[in-house]
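*Asks:* Residue numbers (the numbering used here), protein chains in the order written: chain A, 1 to 408; chain B, 1 to 145.
It should be emphasised that the hints constitute simulated quantities derived from the structure, not laboratory data.
Every residue, glycine too, gets a C-beta built ideally from N, C-alpha and C.
Fair warning: there could be bad hints in the mix.
[As the list claims (entries may be wrong)] Subject to a maximum C-alpha distance of 25 Å in a straight line, what follows is the list of computed PhoX-like cross-link-like pairs (lysine-lysine):
hint	chain 1	residue 1	chain 2	residue 2
1	A	383	A	301
2	B	35	A	22
3	B	89	B	131
4	A	180	A	196
5	B	58	A	22
6	B	114	B	21
7	B	21	B	3
8	B	54	A	22
9	B	3	B	35
[Claimed, not checked] A few chain B residues that face chain A, going by a derived Cβ cut-off under 8 Å, partial list only:
hint	residue
10	51
11	53
12	90
13	93
14	99
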Amino acid sequence: MIRIAQLSCGPEYSGVQGELQKAADMVGAELIFPEVSLEDVMNVEERFGIEVASGDLNLAMARATRIVENPDLADAVFVATCFRCAEGAIVRSEIRKYIHENSRIPVLSYSFTERTTAETLLTRMEALVTTAKFKGLLSRERQTGLTAGIDSGSTTTKSVVMKDNEVIGTGWVPTTEVVKSAEAAYNAALESAGVKREEIQGLGTTGYGRHLVGREFGAKLIQEEITVNSKGAVFLAEAQKGEATVIDIGGMDNKAISVQDGIPGTFTMGGICAGASGRFLELTARRLGVDITELGKLALKGDYQKVPMNSYCIVFGTQSLVNSLSAGSKPEDVAMAACHSVAEQVFEQQLQEVEVKEPVIMVGGTALIEGLPRAMEQLLGMKVMVPHYAQYIGCVGASLLVSGLVED
Amino acid sequence: MVKVMVYPPTSMILADLVERKGHEALVVSKEVRKKVDTPGLDSPPLNMTTEDPKKGLKYAAVDVPSGVRGRMALLGPMIEEAEAAIVIKGDDCTLGCTGCARTNELARFLLKTKRIPLLELEYPEDEVEAKRFVFKIREFLEGLS
Numbered sequence: 001m002i003r004i005a006q007l008s009c010g011p012e013y014s015g016v017q018g019e020l021q022k023a024a025d026m027v028g029a030e031l032i033f034p035e036v037s038l039e040d041v042m043n044v045e046e047r048f049g050i051e052v053a054s055g056d057l058n059l060a061m062a063r064a065t066r067i068v069e070n071p072d073l074a075d076a077v078f079v080a081t082c083f084r085c086a087e088g089a090i091v092r093s094e095i096r097k098y099i100h101e102n103s104r105i106p107v108l109s110y111s112f113t114e115r116t117t118a119e120t121l122l123t124r125m126e127a128l129v130t131t132a133k134f135k136g137l138l139s140r141e142r143q144t145g146l147t148a149g150i151d152s153g154s155t156t157t158k159s160v161v162m163k164d165n166e167v168i169g170t171g172w173v174p175t176t177e178v179v180k181s182a183e184a185a186y187n188a189a190l191e192s193a194g195v196k197r198e199e200i201q202g203l204g205t206t207g208y209g210r211h212l213v214g215r216e217f218g219a220k221l222i223q224e225e226i227t228v229n230s231k232g233a234v235f236l237a238e239a240q241k242g243e244a245t246v247i248d249i250g251g252m253d254n255k256a257i258s259v260q261d262g263i264p265g266t267f268t269m270g271g272i273c274a275g276a277s278g279r280f281l282e283l284t285a286r287r288l289g290v291d292i293t294e295l296g297k298l299a300l301k302g303d304y305q306k307v308p309m310n311s312y313c314i315v316f317g318t319q320s321l322v323n324s325l326s327a328g329s330k331p332e333d334v335a336m337a338a339c340h341s342v343a344e345q346v347f348e349q350q351l352q353e354v355e356v357k358e359p360v361i362m363v364g365g366t367a368l369i370e371g372l373p374r375a376m377e378q379l380l381g382m383k384v385m386v387p388h389y390a391q392y393i394g395c396v397g398a399s400l401l402v403s404g405l406v407e408d
Numbered sequence: 001m002v003k004v005m006v007y008p009p010t011s012m013i014l015a016d017l018v019e020r021k022g023h024e025a026l027v028v029s030k031e032v033r034k035k036v037d038t039p040g041l042d043s044p045p046l047n048m049t050t051e052d053p054k055k056g057l058k059y060a061a062v063d064v065p066s067g068v069r070g071r072m073a074l075l076g077p078m079i080e081e082a083e084a085a086i087v088i089k090g091d092d093c094t095l096g097c098t099g100c101a102r103t104n105e106l107a108r109f110l111l112k113t114k115r116i117p118l119l120e121l122e123y124p125e126d127e128v129e130a131k132r133f134v135f136k137i138r139e140f141l142e143g144l145s
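Here chain B stands alone, though its shape is the one from the complex (with noise of 0.2 Å):
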């Protein structure tokens, strides 16, 4: 089993696909999921702090926008914890979003320059290319030890 960062980290059906080979998606819901259930005072929604944005720092400089870094924040150690990624390029936000097309760029670079196993594509426009797609999703999966 090899724990998969997918991007957009948001989409359940990217996801799906992964945990369907037997492999652990590295997904945001998850990170979220932890912040809700670990006792403390943060508060809800997202249960986000200002203290976020500066564990984002280990990541992207002060200057950088507090949105960007408290996303990072989340992301970060996703893409830390990442022994293989798929990163959809030319997505809508139907497959998943995380808001900030900054955030995007910068967790996009990360993976690529990580050296791990990585899958790239190009968001299907039809039925026939999103065979294709999911063909490949599975091809790549299966080829991780």
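Looking at chain A on its own, in the form it has when it is part of the complex (with noise of 0.2 Å):
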């Protein structure tokens, strides 16, 4: 059983101790409390370099020197403190920070409100336990054989073909019916790989969708998204060794990811509003009367500084889109400010919690709204990389890990 060792502040008084105990259950693990004395707390500056006005928070930082010392005590550390706490926020960081830096153990970091659920919480713990468990599995660098990947998004569904480290096939769908949309995708990649299904020595899922899918068409390998999508972008972009960052702005949520010789270490996984994804975007192109697909081109035309807009709040970047083009700014002009506005928001509200090393990796459909990465290098100030086949970048990963388990 993996053990994780729960570092936080507030979860008990905030009714959600039961939701983060149910999250672990679900996906095989054990939340552990590493025991510390009452002079490990009062000595938490000596070593661990702060001290706050918060007794919990000093005991999660006394916990956390206790893991470095003891690395046999936790397998991976879930850090957890209130939302909307800036002493929370700056402690759950340091400790993230610490931990990464000194010790390898993968680490989740989470703000929680009352609303948390165990539901919220369980791709996040699964990819927390699949990163400790099966590091043999995750260190595979080439696919082998004949596999096949679905990722069952909340947007769209896509699909690949995989064959000796090869991509032959890929199938695009917009989601509507879960195995329906998934069964169209798939066929699509076949046939476009040439393959038939039966042919397919291994086939894997991702997404939302990712378990009725899997059960659905006898998956060898379910796997949520931090993991494949890791995989499948340093794979992608041959980045395999090393350090490497992967961002995905997705329909309905954003991962940014760092990764270590490619495997996830430290993570989030969010999107505090639809403002911070690729909805907004499909608003944008849709108000300025563009496919999404020429929304990128158009926007590398304008100058997002043109523009006031903050998507923080997907109603208030609407307003903004509105008053903009009331007030007659140009179309390229808005575009970029949309593109900027998102990456923004993913800038703010995810990267500060993950170490961005060089390459950055975009993914996800998103990654090919040419305006985006653009306005994440202006923000980062560092070259971002968009890999071929950045869509499918999920089925790619599932593909490439389950052909792991097909050769066992």
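The two chains are supplied separately, each in an independent frame; assemble them into the complex guided by the hints.
*Replies:* Written out as structure tokens, the structure reads:
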């Protein structure tokens, strides 16, 4: 059983400790609370570097020092504090960095509210457990044989067929009915690869519908997006060795993953509002009367600084959009402002929680909206890479990983 | 007998001093015991549920962290019930601890503005100060009608 050390402040009093426990149970993990002495807590500044006013945060830092000194205590670390607590956010971030810099233990950082449920935590916990448990499988760098992947996402369903380390077929459909969409995308990928379904040696599924689709299609691997996207991204970007950062701005949520040798280390998954997701860009394209595939090219001709836009909330973002067009702003400036605003939300809300190290790889369908990686480059001051097949990253990762199970 | 809230509200030392003088100490352990003893669907160990941070909305706005509001769901009714209070400043976690500094700030503020007999004391640093500390508390408690 995977032991996840919980370093937290507030979940009991928020009434969500039971939900954290349930999420851990669902992924076959055990939450543990490393023992510390009173002296460890009283001397936390000396050992950790800071001491804060809240006792539970000092206790969390003392526990972090115990884990670093005794790495056998835990297989993974879950750091959680209340959403909207500044002191908690500072400590959470420092604990994450401290564990990351001083051990090889994977860390998940999360801020909760009383509305946090086991289901919202499930993908994150699953990824944390996978990272801790299947390092051997995750270190796989080559796809072998004939395998396929289906990514049942919130907006689109994608599929690929891979043979001997190459993508030989792809399929893509908008997600409507989960199983029917998966069937259509899978069939399209098989058809473009010229392969029959019975020839596929192993299928991997990922995305929101992964469990349903995986059961329906008899998948050998059913895996959350954090893991497969990391693998798919570094595989396609040919960055399997060393550090990398993967950014996936999805239709419903966003992921930022810090990767080391192809294995996810720290990651965040979230999206406060659709204003920080691909949905806002869809809305912008519709309002500008252009196809979503043309929005990126249009944005590249524009200047975001000419249009004030803040899509922290999609309603405010839409107001900025409507107001700027009514005031006579050029469509290309509005398009670039929308891309910049979405990138800015991800930069402010998520990229502060991971170590952003080059190469920075942007994946998912939104990475193909050229203005978005450009905006991210401007914000990060780093080159952003968009690999070929960026929109199929989840299926490629699933297909690559499942080939390891076929061999076994 | 007067209902005296002690702060930190987990301090057994302060609660003992209050009860030795014949008053009722309002401490968080009693509130937690009510949660444990009252039949319901709540889960251990603290028997706090997601309803508690909502009850805390009476004392703190929705943009205050859920952990503060959950704690206030326990402390708020005690503050309302209190007829007097002893508040210790500069204390360390060996005296008692709510775990959250923001909760401490809010609860202390509510006690101070409640217009009840209030004794505020600095946490003693040595034995001489500790004796004065106990003496002042005793004097305060004896003065309560």
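*Asks:* Now look at each hint and say whether the structure bears it out.
*Replies:* Status of each hint after checking the structure:
no. : hint          : verdict
1   : A/383 x A/301 : holds (19 Å)
2   : B/35 x A/22   : holds (21 Å)
3   : B/89 x B/131  : holds (17 Å)
4   : A/180 x A/196 : holds (18 Å)
5   : B/58 x A/22   : violated (29 Å)
6   : B/114 x B/21  : holds (23 Å)
7   : B/21 x B/3    : holds (12 Å)
8   : B/54 x A/22   : holds (22 Å)
9   : B/3 x B/35    : holds (20 Å)
10  : 51            : holds (7 Å)
11  : 53            : holds (4 Å)
12  : 90            : violated (11 Å)
13  : 93            : holds (5 Å)
14  : 99            : holds (3 Å)
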